[in-house]
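Chain residues, written in single-letter form:
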Amino acid sequence: MMDKLLETFKLAIITLRANKLRSLLTMLGIIIGVSSVILLISIGSGLKIYITGQLQGLGSNSLYVMPGNLELQPGGGGSGGTPGAGTGILKFTLNHYHELTQKGTTLQAVMGYSENNGTVSYAGRNKTIQVAGVGYQYPGVRNQYPIQGTFFNFSQQEAGKKLIVLGKTVADDLFGNEDPVGKKVTLVDNKFTVVGVLEKKGGFGGVDMDNQVFIPFTTAMTTFDVDKIQSFWIQAKDDVPIEEAKEEIEKILLRTLKEDDFSVLDTGSLISVIAQVLGVLTIALAGIAAISLIVGGIGIMNIMLVSVTERTKEIGLRKAVGATPKIIMTQFLIESMVLSVTGGVIGILLGAAGSLAMRSFLPTTVSFWSVFLAFSVSVIIGVVFGVLPAGRAAKLNPIQALRYE
Amino acid sequence: MPILELQNVNKAYQLDSQNLQVLKNINLKIKKGEFIAIMGPSGSGKSTLMHIIGCLDTASSGKVIFEKQDVSQLSEAELAQIRNQKVGFVFQSFNLIPRTTALANVELPLIYKGLDIKERKKQAQEVLEKFGLGSRIYHFPNQLSGGEQQRVAIARALVTQPLIILADEPTGNLDSKTGAEIIKIFEYLNKAGNTVILVTHEKDIAEHAKKIIKLHDGQIIGNI
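Chain order of the listed sequences is P and Z.
Position one of the first sequence corresponds to residue 1 (UniProt numbering), numbered consecutively onward.
Position one of the second sequence corresponds to residue 1 (UniProt numbering), numbered consecutively onward.
Isolated chain Z (complex conformation):
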């Protein structure tokens, strides 16, 4: 029983009266506990695929099924709710909110989830401590190193206990040593039972995953 299934997903953009087919007939099943890397050169559609999986974008045709629920035709507000509860994003540039403490950054998804202040502070603090940031919870992003910032971002993705964690080039802005540490965290999370999808163009990063999906011109060309 897959937690996420893509059936014949197509994505096309209308660009200057030219029809741009970004994704072509994507069929994909993701089971609980998988660790998948999506690889491909730039322009291959891997970002678009990630956006559709993460409910940031909707498919032009086909179905995206999250735990039996077809989300391909939901409204923006409904998609926001899915993103809040079922997806945890980690971005290349960390995307922490400036002038806001690490704790408040991690609390953010819980605010939108509607948790009361005590509960969400407790949960956010727990996750941060788990990533060794217990002494940094009141630091602002500009007081943290790149690796620490990305760990805060991972804590933020994880705090809602999402169905899948989507990481878009999470090591792209880090040096190789720190990048390796971050990849280790994803491996650890996967071992603990989390479903992780990693989007990358670096082969040695992708090799940490248990399964690699290769994209080319909007089509899946390899499934290792």
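If we strip away everything but chain P, and leave its shape as in the complex, we get:
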């Protein structure tokens, strides 16, 4: 029995090699499908690892207060089950900032945080980049310190001074070898004085984290003409349990805000929110890629049907010298499986190679289960889309098959 299977397998290889181009084109659908599924899953998991790592680097005592209800309800559903719902409405004022700073006994650092886009210019050079409005505690919280000059301090922040700290990339692009500290740059028609340049932090996924500038969040409010603070970035005291700090923040904010107006996320819950979003995204993208697997399967079925017709006479002869319908069925099933599995293996290799090439941007990993999944799917495709042609071959009447021209 094993001998017969091996023989059938060899025969399938010979047949497919005799039609190299055709076999390759037939496999293309599977190759593309499998490699994109592998690649997308590996990018998804790489992204997750990277972002999780970045967030964990912020320390376990960081808390984020965002507008809108971001709480993920277990099992989805319920009000605000979708992350990001209602984030458009800004609710935080300077009052909230002062209350958190003054009354938060468990809190070590409270920063207002905002993100805007703006054009920074110096000596005729322009750069449109992200302008982060942050608190004076930023270097300590982010663990990223100035390599030139200083960061702005508490009183400068409270006074809303027009001071700016540059990311390394921005400093290099605008100033080159010149020392930027003390120079004036223009941002949204305002002159800002450069007080420092932050050390390099590195990029991720093509986004350069050093390609932004930092101004006091109070200054950001006046510069971009908004009376609300986008969010708070808070650090709890080291000896305080994170839950306690979270409750205190909620208590303070609930005096003036409703429960649905804001969410307090700690690093852990932020990681789980992002992981969940990325997970859904990865599955959705991989699912779309998987559609091409079905297309590939149909391609295999199509070529197998052609092959059965072409080889009608051969099938008749095989039957005449003693092949049972089962043997013929097996022969064509194995052939379609060799097609789909070879395509699957090539796809896995290509996907893995692509994932390896992405390594310079992202810690992509090709997980065992995605390879296993891709491989099993190709086997299943070979069987499912091979059954119809193989069945047709097995059912051929030997006399008519022998006469077929």
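No lab work stands behind these hints, which were simulated from the structure alone.
Even glycine gets a Cβ: it sits at the ideal position worked out from N, Cα and C.
Among the clues, some could well be false.
[As the list claims (entries may be wrong)] With a straight-line Cα cutoff of 27 angstroms, these simulated BS3-like cross-link-like pairs (lysine-lysine) come out:
#1 Z/Lys113 to P/Lys313
#2 P/Lys4 to Z/Lys118
#3 Z/Lys32 to P/Lys10
#4 Z/Lys118 to P/Lys395
#5 P/Lys4 to Z/Lys113
#6 P/Lys326 to Z/Lys130
#7 P/Lys10 to P/Lys326
#8 Z/Lys121 to P/Lys313
#9 P/Lys4 to Z/Lys121
[Said to hold, decoys possible] Distance windows between CB atoms, simulated:
#10 P/Lys395 to Z/Gly146: 31 to 41 angstroms
#11 P/Ala284 to Z/Ser17: 53 to 63 angstroms
#12 P/Glu310 to Z/Pro2: 34 to 44 angstroms
#13 Z/Phe140 to P/Asn397: 21 to 31 angstroms
#14 P/Lys395 to Z/Asn142: 41 to 51 angstroms
#15 P/Ser376 to Z/Gly33: 51 to 61 angstroms
#16 P/Ser376 to Z/Met1: 51 to 61 angstroms
#17 Z/Gly33 to P/Ile380: 53 to 63 angstroms
[What the hints assert, rightly or not] In silico negatives: residues of chain P with every beta carbon more than 10 angstroms from chain Z:
#18 Thr15
#19 Thr52
#20 Asn143
#21 Glu199
#22 Ile242
#23 Glu259
#24 Gly268
#25 Glu314
#26 Leu317
#27 Thr324
#28 Val345
Model the placement of chain Z on the given structure of chain P, informed by the hints.
Below, chain Z alone, put in the same frame as chain P:
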């Protein structure tokens, strides 16, 4: 004791609600070592008769007995086994599998018989050598002449040492000189003890056989 016996065999096809009687009450006994030619014009039913003898087809009624075993009501898989072990086919158009060596073509019935690779290579090679194709065993069908192809096909029919060799117009695609050579091979095989049944419409080919069965309208009309 006949190795093959047909008792009152009838074959009818249903064609457009018309009942087409192709074979009528065929009674036939074939003994070991016979050399029989089945002759008849086209449409006389000689192909159908050959298919029934070769277990490619089953009779509508009557019995086909192969060495005491009635095969007329067997399943397709069981018939395949009979064809594999008891019948060797030779066809007009050789029917070698393309892009497959002469050796692999001859090995084919032995694969289905379940022989291991060493044994079947040995047996297939022996038979090919016997037909003077020892230097051609790794050639593909398109690298062989018509006569050589038919000799490979005969080797394939013979390799399982079948009870009967069934040849359907084996010289039909060959020139007369090569055809004569092929007929000589059948005569030689018969002398060596093989039972040969030759289906042909050519009288001078049929005359090489020891016995001629003439078919007309599905009936045996002559038995020479």
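Right, here's what the structure says about each hint:
1. Z/Lys113 to P/Lys313: Holds, at roughly 21 angstroms.
2. P/Lys4 to Z/Lys118: holds, 13 angstroms
3. Z/Lys32 to P/Lys10: Measuring from Cα to Cα gives roughly 38 angstroms; hence the hint is violated.
4. Z/Lys118 to P/Lys395: Violated, because 31 angstroms separates the two Cα atoms, which is more than 27 angstroms.
5. P/Lys4 to Z/Lys113: Judged against 27 angstroms, a Cα distance of about 10 angstroms means the pair holds.
6. P/Lys326 to Z/Lys130: Roughly 33 angstroms between the alpha carbons, so the hint for P/Lys326 and Z/Lys130 is violated.
7. P/Lys10 to P/Lys326: holds, 17 angstroms
8. Z/Lys121 to P/Lys313: holds, 24 angstroms
9. P/Lys4 to Z/Lys121: holds, 14 angstroms
10. P/Lys395 to Z/Gly146: 31 to 41 angstroms: holds, 32 angstroms
11. P/Ala284 to Z/Ser17: 53 to 63 angstroms: Holds: the Cβ-Cβ distance is about 57 angstroms, inside 53 to 63 angstroms.
12. P/Glu310 to Z/Pro2: 34 to 44 angstroms: About 41 angstroms separates the Cβ atoms of P/Glu310 and Z/Pro2, which means 34 to 44 angstroms holds.
13. Z/Phe140 to P/Asn397: 21 to 31 angstroms: With a Cβ separation near 28 angstroms, Z/Phe140 and P/Asn397 satisfy 21 to 31 angstroms, so the hint holds.
14. P/Lys395 to Z/Asn142: 41 to 51 angstroms: violated, 29 angstroms
15. P/Ser376 to Z/Gly33: 51 to 61 angstroms: holds, 57 angstroms
16. P/Ser376 to Z/Met1: 51 to 61 angstroms: Holds - the Cβ-Cβ distance for P/Ser376 and Z/Met1, about 57 angstroms, lies within 51 to 61 angstroms.
17. Z/Gly33 to P/Ile380: 53 to 63 angstroms: Hint holds: Cβ distance 55 angstroms, inside 53 to 63 angstroms.
18. Thr15: The assertion about P/Thr15 is violated, with a minimum of 8 angstroms to chain Z.
19. Thr52: Nearest chain Z Cβ is 55 angstroms from P/Thr52, so the label holds.
20. Asn143: holds, 68 angstroms
21. Glu199: holds, 67 angstroms
22. Ile242: holds, 70 angstroms
23. Glu259: holds, 73 angstroms
24. Gly268: The claim stands: P/Gly268 keeps its Cβ more than 10 angstroms from every Cβ of chain Z (closest is about 62 angstroms).
25. Glu314: Violated, since 5 angstroms does not exceed 10 angstroms.
26. Leu317: violated, 5 angstroms
27. Thr324: violated, 4 angstroms
28. Val345: holds, 24 angstroms
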